[in-house]
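Trainee: These are the residues of each chain, in order.
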Amino acid sequence: MSVLKATDIMLAFGGVKAIDAVSFSVAAGEILSIIGPNGAGKTTLFNVVSGVYRSDEGRVELAGEDVTGLPPDRLAARGLSRTFQNLQIFQRMTVLENVMVGRHLRERCNLFADLLRLPSVTRQNRATRDAARAQLEAVGLGTSADKLAGSLDYGACKRLEIARALAAEPKVLLLDEPAAGCNAVETRDIDELICRVAAQGLAVVLVEHDMRLVMKISHRILVLDRGRPLADGTPREVRDNPAVLAAYLGSHGAREAGRA
Amino acid sequence: MAWLSDRRAATLLVFAVIIAALPLVFPSGYYYRVAALVFVSGFAAIGLNVLMGQAGQVSLGHAGFFGIGGYAVAIGPAHLGIAPWAATPIGAVLSAALAYVVGRPILRLKGHYLAIATLGFGMLVALVITTESRWTGGPDGMPVAKLVLFGWRATGASTWYWISGAVLLIGAWIALNLAETPTGRAFRALHDSEVAARVAGIDVARVKLQAFVVAAVYASLAGSLLAMMNGFINPDQAGFLHSVELVTMVVLGGLGSVAGAIVGAAVLVTLPQLLTVFQEYENVMLGLIIIVSMIFMRDGVVPTAARLLARRGQP
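Chains as they are written, first to last, in my numbering: chain R, 1 to 260; chain C, 1001 to 1315.
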């Protein structure tokens, strides 16, 4: 039973078809990777699925319900969280506060109670802070909790985004290049984190350029090329697909994938 | 004494001590009046800072709400037989309702477009006030009835000093409350990244509207207070220049800082008084000081000072 299912997604910018008849589905506990050369439409597909863009055609289902065209906040309320390729952290808030924002949907939010900071608000704040702190520990940022998020280095920001997305306790997690710009150690940490998250029953969709990471942790891989689906299958099937080799991996990528 | 370690309580305590101690150094009664003006402007600036500093949305028409609050306490008693104390919340509710209705369409705009739309709103309010002279006295303004509470008439500069000081404290308390709650975090989140805020499940349109309404209510209450204090009101209170002044207080003092809003108000209210020695160059000097302080303190007076202090504190 798939948690997230996209069918025949189509989106054009002007005359250019950024995404052309792309479909995928992902089940609970599964890691699906979407790969493809730059400009293949991976991030655009993420933006459609997470409601940031509206597709021209196609249908998105979340937990069996049609959610096509719903805005991001409504999708989030139904259990879809994501991270961004170009970091979107709240720079002027502390690391901990960033993750607390991730808990927004789990909080009762009443303007008048908040203006007066009633005891119930203080109590809830404490619970949110504890949950956020636990989430930070899980991604290894526990010691940075009170730093300003804008002062974190790139790799830490990536993990902070994951922690914020997980704080919402989603059913589906979309990760847009979580390992980009990370060193080997950080990449291994992120790969362990993603596997752990999937093992807890989340459906994970991953866009990533690090082929070793993709081949190692993915259950299935979808290959896009110029907005169109090129191949779909297990890492082994994709790796051995001649069309993929030709269009995307090239000799260098194939060698790297072979080592994984 | 655990509450003292709370930054909110500590900040409020500092404000309270300053308000209580200031009259000890006042050489004359005139200073009560200037300080009360600072408190009223500071109150409005704290509200605008919720919108601009926390939620990151600009309003160049905020004096419109200030004017509505002011004319509510003028028109209510004069034409409708409503007591001034009752006209104050009525003005605030009117401002909130208007902010809600106007905010829904214009808060979809961003940056410069939002600035222009709010500017248009402010001008519209000032225009209505100026032209509806049967109700408002037109460009000449109108007198405002004295505030009477349980038979006690609020008159005199020192009385209004204490009233506006207490109101300022309440306003600061509420703004400080807000910053660290789900609503306040949502404000600050959308300031830094609207798309990330939406993905975190924040209904951005609704949250912006909340910030706009909160700021409008602050401005309206400040307007009522000033009108009752002065016993008089004219359309300048709702005018464009006053809107710009409020924005300048917030930016000069420091976006997102409650203390900054008050400091910004203090600078903008007291500087013209101090600069009268320059006579016809008064406005030039005021402009120069604002320009220079924005160049050297881009984040505003209070955040810059806080950073300098923090740096000195480090070994």
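To be clear, the hints were calculated from the coordinates, so they are not data collected in a lab. Fair warning: there could be bad hints in the mix.
Derived DEER-like restraints, expressed as beta-carbon distance ranges [unchecked claim]:
hint	chain 1	residue 1	chain 2	residue 2	range
1	R	A21	C	T1011	52 to 60 Å
2	C	S1293	R	R226	36 to 44 Å
3	R	R126	C	P1023	55 to 63 Å
Examples of chain R residues toward chain C, derived with CB under 10 Å [unchecked claim]:
hint	residue
4	F13
5	K17
6	A21
7	M93
8	R106
9	C109
10	N110
11	N125
12	K147
13	G150
14	E161
Backbone N, C-alpha and C fix where the C-beta goes; we use that ideal spot for every residue, glycine too.
Trainee: Which hint numbers does the structure go against, in order from smallest to largest?
Mentor: Hints 2, 3, 4, 5, 6 and 12 contradicted; others consistent.
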